[in-house]
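Line order of the protein sequences matches chains C and Y.
According to this note's numbering, the first sequence is numbered sequentially starting from 81.
According to this note's numbering, the second sequence is numbered sequentially starting from 172.
There's no promise every hint is true.
Unchecked claim - Chain Y stretches covered by chain C per the calculated footprint, using a threshold of three residues with CB under 8 Å from any CB of chain C:
hint	segment
1	231–244
2	339–349
3	446–458
Worth flagging that the hints you see were computed from the coordinates, not collected in a lab.
A virtual CB, placed ideally from N, CA and C, is assigned to each residue, including glycine.
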Amino acid sequence: MSVRTNREGVDESVDLAGIRLRNPVLTASGTFGYGTEFAPFLDLEKIGGFVAKSLTLEPRFGNPPPRIAETPSGMLNAISIENVGVRAFLEEKLPALPEGVVVIASAFGTEPSAYAELAARVTEHPRVAGIEINASCPHVKSGGIEFGQDPNLLAELVRTVRSATQAPLLVKLSPNVTCIADMAKVCEAEGADGVSLINAVQAMEVDVETRRPVLSNVLGGLSGPAIRPIALRMVWQVAQAVRIPICGVGGISSAEDAIKFLLCGATAIQVGTANYLDPTAAGRIARGIAEYADRHGFERVADLTGALENAQGETMAKSGE
Amino acid sequence: MVAFQTQPETQTPIRGLARVISNQPDGNGFKLRLEVDDWPGSSPGQFLMLGAGAVTGAQRQDPLLPRPMAVYRDASIAASAAATSPSKSSIEVLYRVVGRGTTLISEIQPEQEISLVGPLGQGFAVEPGGAQALLVGGGTGIASLFELANALAASGRAVTVMLGARSEPDLIGLKDFETLNAEIVCMTEDGSRGAKGLVTVPLVERLADAAADTIVYACGPTPMMRAAAELAEAENIRCYVSLENPMACGFGVCLGCAAPRREGGFSLVCRQGPVFESSEIDWEGLP
């Protein structure tokens with residue numbers, strides 16, 4: 081296989097919900113720590129940016145072990161938003177990052193006011209380019225997914241956070257709903273600048289020898305290549321339903337995977353579980369997207385968004401109708 | 172008592188492809204020898220994340236996750252002592268086939284490649300001075316102890332390595348340990364090698380007349396490490412354990428390998444460990 085280099089001329093940059101990214105590759109919250117963990121492996125300034133581990137107002141311990149389990153083409157996790165808290169994030173984690181790195185913070189809480197306070201505090205910091213609200217953590221007993229599964233609660237959450245910050249606001253959606261497009265419409269109506277989807281798929285695994293659930297939390301979130309076609313379908317459906325930009329997430333481990341999401345309507349993508357297996361994955365995917373754009377005659381990577389065609393060569397996207 | 176807490180130097184890890192030199196059965200286990208470009212060198216007790224099988228054209232998606240493996244022997248440790256820094260280095264991993272991932276690793280042929288991230292984690296602190304070191308290894312936990320035994324012997328300690336297994340062929344790596352400047356004591360559950368019984372039996376004997384500055388180092392199944400730790404703590408002897416929790420990344424981001432601490436909260440086995448002073452660990456909370 082020949083190695084192609086990105087010729088000058090392909091514009092890799094994209095605008096995601098008002099955040100200028102040098103390329104459309106972000107990394108997903110909860111799979112990239114606070115960024116510095118990847119410094120030995122990856123030039124953080126060569127990827128679009130990263131979404132930091134979800135924060136709560138106070139530091140938080142996670143679930144007891146076992147917290148993870150391997151499943152076919154994927155893994156389950158039930159970590160439960162273990163994080164350093166907003167103060168340590170602002171005072172210790174952010175200053176440790178190189179200047180040019182685009183950082184999107186992720187907010188978690190058990191009530192809308194907590195999300196809003198957190199969003200206001202982190203987006204005041206000049207190094208924070210935007211905020212993603214985690215309305216979809218599948219394994220926390222209260223908060224998170226409760227908001228992501230009830231359109232009224234989701235509307236209240238987005239409205240409350242929106243009133244607290246002018247910064248670019250993304251909402252990370254849960255796949256554990258009947259109609260994810262309806263949830264995206266709620267976010268759009270309440271002033272979100274974009275949606276990220278999908279979070280992990282609620283799942284379970286059992287050890288038959290011990291006759292016990294594998295995870296201490298019983299339920300966990302499935303991630304990895306196993307969920308990629310589900311995520312792709314949902315991105316496609318949401319792209320047909322809203323005009324705000326979409327950040328595609330779910331099982332992306334190659335440039336080819338990422339391009340599928342762009343073609344289905346995503347403006348940017350997030351690499352998640354693949355970071356664990358290959359901490360250089362995000363850089364490799366960013367290069368591969370640029371090579372693809374060049375090879376297919378796209379001058380701008382942004383033009384890949386929604387470029388899916390039917391058998392007659394007609395564009396299939398009907399964004400926001 | 173003044174505790175010399177000499178934290179081992181940790182090198183910046185690399186992510187790369189290693190070339191397989193050999194992958195030979197060793198008793199009921201396997202010894203995988205790798206050649207790694209730009210290997211920064213490891214310290215005793217550090218580990219690697221190894222891909223679950225050879226690198227082929229397509230990215231492996233099932234099984235998905237890499238496998239944490241102790242660095243068994245690292246030629247660069249001896250090389251750096253001789254003040255050379257080779258760009259290619261040879262390292263070894265000792266493992267047993269326990270599931271699909273290790274089955275795939277056991278099928279790798281020489282000249283094939285395997286993905287690797289490492290060296291990772293905080294290894295054993297090799298403390299200067301002191302009379303005696305008691306090393307307790309069980310199962311594949313034996314693999315974490317070879318470079319440690321070597322380094323302790325070189326530092327002038329009297330080293331006793333107690334190895335326990337079900338049966339003689341499970342004492343993987345034994346021939347290598349026998350080349351060390353250390354006393355080797357084998358215990359098997361069926362009596363096929365050494366005395367019949369658990370590896371904690373000779374530990375009890377050695378602890379009974381141990382000097383105060385003796386240190387116990389243990390790696391193996393959790394019940395074995397817990398027993399070793401409790402025996403040592405009862406005699407006021409310091410004990411280090413190397414934990415083997417499941418993990419997805421190995422470098423502190425998946426948070427899957429959390430081990431509960433006696434004082435509350437968790438430590439990450441991959442980053443704060445895998446080696447801990449045994450008094451830090453809440454054994455009841457460890458699955």
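Can the segment 446–458 of chain Y be counted as covered by chain C under the rule of three residues or more with Cβ-Cβ separation shorter than 8 Å?
holds (count 3)
Three residues minimum, CB to CB under 8 Å: does the segment 231–244 of chain Y make the cut for coverage by chain C? Let me know.
holds (count 6)
Are at least 3 residues of the segment 339–349 of chain Y within less than 8 Å of chain C when you compare beta carbons?
violated (count 0)
In summary, the one numbered hint that this structure violates is 2.
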